[in-house]
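Chemist: Sequence:
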Amino acid sequence: MSIKHEWNRLDSETRTWLLENPACLVVPEALSRRISNEAYKDVEYDVHGQVVLSRDDHDFLRDKAEAAGTIRIPDTEYRFFDTAPIPIIGTPSTGKHAQESAGNGR
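Per the working numbering, the very first residue in the sequence shown carries number 485; after that it's consecutive.
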């Protein structure tokens with residue numbers, strides 16, 4: 485069973501719960517029973533009788549939740565506002581002018 489293929493068969497309360505909890509690994513038992521009653525195909529359960537969600541199910545739910553506005557995917561660039569900027573320290577040059585200025589006492 486795939487949540488994506490069964491999405492339109494699920495009742496609105498089940499869909500809302502899934503959108504509000506897109507990172508869950510297994511679905512609670514009460515919702516698992518609802519899904520199994522409404523599903524067209526066989527459902528995969530764990531040893532406790534809860535529906536197990538696949539990686540494709542997680543991707544689908546995350547995309548749906550983001551589109552619905554229940555979650556926001558963070559930017560890939562992380563910013564740390566409580567740290568000071570890192571200073572750029574140049575390396576001393578080793579060319580002809582550096583040797584002359586070192587010889588002049590500079």
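None of these hints come from the bench; they were simulated from the model.
The beta-carbon is built from N, C-alpha and C at its ideal position, and this holds for glycine as well.
Hints are not guaranteed to be accurate.
Claimed, not checked - Here are the in silico distance ranges between beta carbons for each label pair:
1. V531 x G553: 15 to 23 Å
2. H542 x S520: 13 to 21 Å
3. G553 x G533: 31 to 39 Å
4. W491 x E513: 32 to 40 Å
5. S486 x G533: 14 to 22 Å
6. G553 x H532: 27 to 35 Å
7. A551 x V531: 13 to 21 Å
Unchecked claim - Capping the alpha-carbon separation at 20 Å, the derived lysine to aspartate or glutamate pairs in EDC-like fashion look like this:
8. K488 x D526
9. K488 x D547
10. K488 x E504
11. K488 x E522
Chemist: Does each hint fit the structure? Answer for all of them.
Modeler: Hints, one by one, checked against the model:
1. V531 x G553: 15 to 23 Å: 35 Å, violated
2. H542 x S520: 13 to 21 Å: 19 Å, holds
3. G553 x G533: 31 to 39 Å: 32 Å, holds
4. W491 x E513: 32 to 40 Å: This hint is violated: roughly 21 Å between Cβ atoms.
5. S486 x G533: 14 to 22 Å: 19 Å, holds
6. G553 x H532: 27 to 35 Å: 32 Å, holds
7. A551 x V531: 13 to 21 Å: 33 Å, violated
8. K488 x D526: Distance of about 14 Å is within 20 Å: holds.
9. K488 x D547: Distance of about 11 Å is within 20 Å: holds.
10. K488 x E504: 16 Å, holds
11. K488 x E522: Holds, because 13 Å separates the two Cα atoms, which is no more than 20 Å.
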